[in-house]
Every structure is written in structure tokens, then in C-alpha cells.
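Engineer: Residues per chain, in single letters:
Number of protein chains: 2
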Amino acid sequence: MSPSPRHLPRGQHLLLDLTGVSPEALKDSTGIECLLREAAEIAGATPLGAQFHRFGEGAGVTGVVLLRESHISIHTWPEHGFAALDIFMCGRTRPEDAARHIVGRFAPARHSVRTLVRG
Amino acid sequence: MSPSPRHLPRGQHLLLDLTGVSPEALKDSTGIECLLREAAEIAGATPLGAQFHRFGEGAGVTGVVLLRESHISIHTWPEHGFAALDIFMCGRTRPEDAARHIVGRFAPARHSVRTLVRG
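Residue numbers (this note's numbering), protein chains in the order written: chain A, 1 to 119; chain B, 1 to 119.
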């Protein structure tokens with residue numbers, strides 16, 4: 001079980017804030033996990049596992065998909081129509097494609113993306 | 001099982017890059033998970049769960065501690081003496097105390113902290 005070579009630390013970290021999102025979309029833990037896994041694959045990254053937590057019926061979700069190339073996290077507040085995500089990817093990946101896919105699916109009224117270089 | 005009130009989305013996101021860290025400290029998955037849980041508590045946050053992945057014997061670790069107030073993640077590269085963390089906390093927490101604790105324990109030759117406002 002020799003692991004495949006790991007990417008170098010150099011990477012991009014995108015902080016994505018979504019405002020004016022449908023509350024229903026922000027409560028659906030399973031749908032959100034599927035969306036983040038899909039976004040990772042679109043970006044050319046490899047999911048290793050995930051952990052999600054629901055804050056209760058009708059409340060928000062907090063979760064992360066761990067990647068061979070780092071992670072995607074999400075925290076949602078349906079009562080504010082708000083979600084905060086971060087997409088951190090190293091190696092030959094396209095984190096901006098993941099961000100575009102996520103924004104397209106949540107269809108927020110407004111969003112911001114801040115990109116920081118890591119490593 | 002009514003959950004306690006959730007924090008507002010407003011929070012601070014600290015990106016912490018550590019350079020010149022002992023490779024041994026960066027391979028110790030269990031020690032790192034304990035350190036991040038400890039840092040969360042020092043910051044006044046509440047861990048909900050964690051997921052960690054080791055890339056193989058002597059290789060790096062990638063992991064996250066989910067918090068009621070968001071998350072702390074870490075990705076380590078022992079072969080480069082490098083670790084990238086992010087500490088995202090909402091509500092009445094002190095993420096800078098978590099960062100200080102983590103830096104103190106890893107004792108890097110150099111480190112940088114970038115703080116961004118979310119929500």
C-alpha cells in the first residue's frame with residue numbers, strides 16, 4: 001500500500017462567501033457533501049474522506065471533504081442565507097473550477113472569492 | 001436533543017504557515033489531533049469531531065477538527081519541514097490564542113499568520 005507521490009506544499013487557498021442562498025439548499029447535508037465531492041473532482045483533486053455535522057432539524061451544516069491535495073470546508077447558516085467555504089488545493093489542480101461549480105449550484109444573490117497563495 | 005444556539009456567521013479566519021518545523025512533529029497524527037483539540041479549547045471553541053489521514057509511514061498528515069464555531073485544519077509536509085493550518089472561528093472565541101498555542105508547540109523557525117474577516 002505505497003501511497004502515490006504527494007503534491008508539493010505550494011497551493012492556492014480560496015475563501016468563498018455566499019450571500020442570499022436558498023435556506024433549503026443550506027440545510028441539505030447529504031446534497032452538500034455530494035456537491036463538494038463533485039467540485040473536488042471537477043478541480044482534478046482526489047477526495048480521501050469527509051466529515052459532516054448537522055446542527056439540528058432545519059439548522060445549518062458544517063463539514064469538510066479531505067483531499068489528497070488539502071481540503072474543501074463549508075459552514076452554512078440557513079437562517080441568514082449564508083455559507084462560508086474554503087477551498088485549499090495544492091499541486092496541479094484547478095480550485096477556481098471547484099469554486100465556479102459550487103457558486104453555480106448554490107446560485108447566491110452575491111458572492112465573494114478571495115485567493116491566497118500558500119506554501 | 002435541542003442544540004445550543006449557534007453563533008452568527010461573523011468570524012475570523014487565520015491562515016497559518018509554519019516553516020522550519022521538526023519533521024518528527026509533523027508526522028505524529030495523534031499528537032497533532034490532540035494539539036488542535038487543545039488549541040480549540042484554549043480559544044473557547046467546542047470540538048464536534050475530527051478526521052485525520054496519514055499519507056504513509058514517515059509522510060505527512062492532513063486533518064481537520066470540526067468545531068461548533070467552524071474548524072481548524074492542518075496539512076503537513078515533514079520532508080519540507082512545513083505545515084499549513086487554517087483556524088476559522090465564529091462567535092465569542094479567541095482564534096489568535098489557538099494560533100499562539102500551535103506556534104508555541106511546533107516551534108517553527110519562521111511563521112506567518114494572515115487574518116481575514118468572514119461573514
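I should point out that these hints are in silico values taken from the structure, not numbers from a laboratory. Don't be surprised by glycine CBs; every beta carbon is placed ideally from N, CA and C. You may find that some hints are simply not true.
Claimed, not checked - Partner residues are not named here, just some residues of chain A that face chain B (Cβ under 8 angstroms, in silico):
id, residue
1, 46
2, 48
3, 51
To be verified - In silico lysine to any residue, SDA-like type, Cα no more than 20 angstroms apart, as pairs:
id, chain 1, residue 1, chain 2, residue 2
4, B, 27, B, 68
5, A, 27, A, 108
6, B, 27, B, 50
7, B, 27, A, 48
8, B, 27, B, 12
9, A, 27, A, 52
10, B, 27, B, 79
11, B, 27, A, 27
12, A, 27, B, 57
13, B, 27, A, 68
14, B, 27, A, 119
15, B, 27, B, 119
16, A, 27, A, 68
17, B, 27, A, 108
18, A, 27, A, 97
19, B, 27, B, 10
20, A, 27, B, 68
21, A, 27, B, 8
22, A, 27, A, 56
23, A, 27, B, 119
24, A, 27, B, 17
25, B, 27, A, 52
26, B, 27, B, 80
27, A, 27, A, 80
28, A, 27, B, 10
29, B, 27, B, 110
30, A, 27, A, 79
31, B, 27, B, 108
32, B, 27, B, 57
33, B, 27, B, 101
Claimed, not checked - With the Cβ distance kept under 10 angstroms, some of the chain A side facing chain B (calculated, not the full set):
id, residue
34, 13
35, 34
36, 49
37, 50
38, 84
39, 88
40, 105
Engineer: Run every hint past the structure and note whether it holds.
Structural biologist: Now the hints, each set against the structure:
1. 46: It is violated, given that the least Cβ distance between residue 46 of chain A and chain B is near 11 angstroms, above 8 angstroms.
2. 48: Residue 48 of chain A check passes; min Cβ-Cβ to chain B is 5 angstroms, inside 8 angstroms.
3. 51: Hint holds; residue 51 of chain A Cβ to chain B Cβ min 4 angstroms, cut 8 angstroms.
4. B:27 / B:68: Not OK: residue 27 of chain B and residue 68 of chain B at ~27 angstroms, beyond 20 angstroms, violated.
5. A:27 / A:108: With a Cα-Cα distance of about 15 angstroms, the restraint between residue 27 of chain A and residue 108 of chain A holds, given a limit of 20 angstroms.
6. B:27 / B:50: holds, 17 angstroms
7. B:27 / A:48: holds, 18 angstroms
8. B:27 / B:12: Outside the cut-off at roughly 28 angstroms; violated.
9. A:27 / A:52: holds, 12 angstroms
10. B:27 / B:79: Holds, because 10 angstroms separates the two Cα atoms, which is no more than 20 angstroms.
11. B:27 / A:27: violated, 36 angstroms
12. A:27 / B:57: Roughly 39 angstroms between the alpha carbons, so the hint for residue 27 of chain A and residue 57 of chain B is violated.
13. B:27 / A:68: Since the Cα atoms of residue 27 of chain B and residue 68 of chain A sit roughly 16 angstroms apart, the hinted pair holds (cutoff 20 angstroms).
14. B:27 / A:119: OK: residue 27 of chain B and residue 119 of chain A at ~18 angstroms, within 20 angstroms.
15. B:27 / B:119: Violated, because 34 angstroms separates the two Cα atoms, which is more than 20 angstroms.
16. A:27 / A:68: violated, 27 angstroms
17. B:27 / A:108: Not OK: residue 27 of chain B and residue 108 of chain A at ~40 angstroms, beyond 20 angstroms, violated.
18. A:27 / A:97: The given pair, whose Cα atoms are some 24 angstroms apart, is violated under the 20 angstroms limit.
19. B:27 / B:10: violated, 33 angstroms
20. A:27 / B:68: Holds, at roughly 16 angstroms.
21. A:27 / B:8: The hint holds at about 16 angstroms.
22. A:27 / A:56: holds, 9 angstroms
23. A:27 / B:119: The given pair, whose Cα atoms are some 18 angstroms apart, holds under the 20 angstroms limit.
24. A:27 / B:17: violated, 33 angstroms
25. B:27 / A:52: violated, 25 angstroms
26. B:27 / B:80: Holds, because 12 angstroms separates the two Cα atoms, which is no more than 20 angstroms.
27. A:27 / A:80: With a Cα-Cα distance of about 12 angstroms, the restraint between residue 27 of chain A and residue 80 of chain A holds, given a limit of 20 angstroms.
28. A:27 / B:10: holds, 19 angstroms
29. B:27 / B:110: holds, 19 angstroms
30. A:27 / A:79: Roughly 10 angstroms separates the two Cα atoms, so the pair holds.
31. B:27 / B:108: holds, 15 angstroms
32. B:27 / B:57: holds, 8 angstroms
33. B:27 / B:101: Judged against 20 angstroms, a Cα distance of about 18 angstroms means the pair holds.
34. 13: At about 6 angstroms, which falls below the 10 angstroms cut-off, the nearest Cβ of chain B leaves the hint on residue 13 of chain A intact, so it holds.
35. 34: violated, 17 angstroms
36. 49: Status holds, d = 6 angstroms.
37. 50: holds, 7 angstroms
38. 84: Residue 84 of chain A check passes; min Cβ-Cβ to chain B is 5 angstroms, inside 10 angstroms.
39. 88: Interface hint status for residue 88 of chain A: holds (7 angstroms vs cutoff 10 angstroms).
40. 105: With a closest approach of 19 angstroms, the residue 105 of chain A hint is violated.
Figure legend: structure checked against the earlier numbered hints; hints not met, in rising order: 1, 4, 8, 11, 12, 15, 16, 17, 18, 19, 24, 25, 35 and 40.
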